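So in UniProt numbering, spot 97 of the sequence shown is number 97, and the numbers just go up one at a time.
It is possible that some hints are incorrect.
[Unchecked claim] Ranges of calculated distance between the beta carbons of each label pair, as one might list FRET restraints: (1) Q66 / S86: 45 to 53 Å; (2) R115 / G54: 25 to 33 Å; (3) L62 / H125: 51 to 59 Å; (4) H125 / R100: 18 to 26 Å; (5) G54 / N119: 36 to 44 Å.
It is worth saying that the hints were derived from the structure and are not from the lab. Predicted model, so just to flag it, every value in this text is computed and none were measured. Virtual Cβ for every residue (Gly too), placed ideally from N, Cα, C.
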Amino acid sequence: MDNTLLIRTLADEQELLRAATLTLDAEAQALRDGDMVELERITQTKQKQLAALGEADRDRRLWWAQHGGADPYGLVKYLRTDENASRLFDENLALARLLRQRNIDNGTLIDLRLRATQNALSVLHAANNGGGTPYGRDGKQPLSMPRFSVVAQ
Numbered sequence: 001m002d003n004t005l006l007i008r009t010l011a012d013e014q015e016l017l018r019a020a021t022l023t024l025d026a027e028a029q030a031l032r033d034g035d036m037v038e039l040e041r042i043t044q045t046k047q048k049q050l051a052a053l054g055e056a057d058r059d060r061r062l063w064w065a066q067h068g069g070a071d072p073y074g075l076v077k078y079l080r081t082d083e084n085a086s087r088l089f090d091e092n093l094a095l096a097r098l099l100r101q102r103n104i105d106n107g108t109l110i111d112l113r114l115r116a117t118q119n120a121l122s123v124l125h126a127a128n129n130g131g132g133t134p135y136g137r138d139g140k141q142p143l144s145m146p147r148f149s150v151v152a153q
């Protein structure tokens, strides 16, 4: 059975996984830096990469279905019969695990930022004697300063 298309699909999938890993690294940096503009750009890139990974997964499954593979687990058995395909598949599995862990780590960073923001709001609320935050709808704090003159009298 000619597996040239399968090998190409696995190689393309690996390239996508590597690119997505770099994207999640950049996402982590943007989260640490609080760079929302960069985070928005990265999110768009990530969505495109996830769609492409889904397409590569469908291509791999389609190849197997077109080559007599009714058993979805049979593909893994088949991949093990070809050294190159087996190597690519194992590398892709390792990259997918790494990608999953980076995604979990980024979720943790988001959770930590959210908690810090919630804690800051609680402190501000308490400092304002429970009367809500001292910030208006526009996010600015209205300042009431005592009147004074800088002109000598």
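Results of checking the hints against the structure:
no. : hint                    : verdict
1   : Q66 / S86: 45 to 53 Å   : 20 Å, violated
2   : R115 / G54: 25 to 33 Å  : 32 Å, holds
3   : L62 / H125: 51 to 59 Å  : 55 Å, holds
4   : H125 / R100: 18 to 26 Å : 37 Å, violated
5   : G54 / N119: 36 to 44 Å  : 37 Å, holds
In terms of the numbered hints stated before, the structure departs from hints 1 and 4, listed from lowest to highest.
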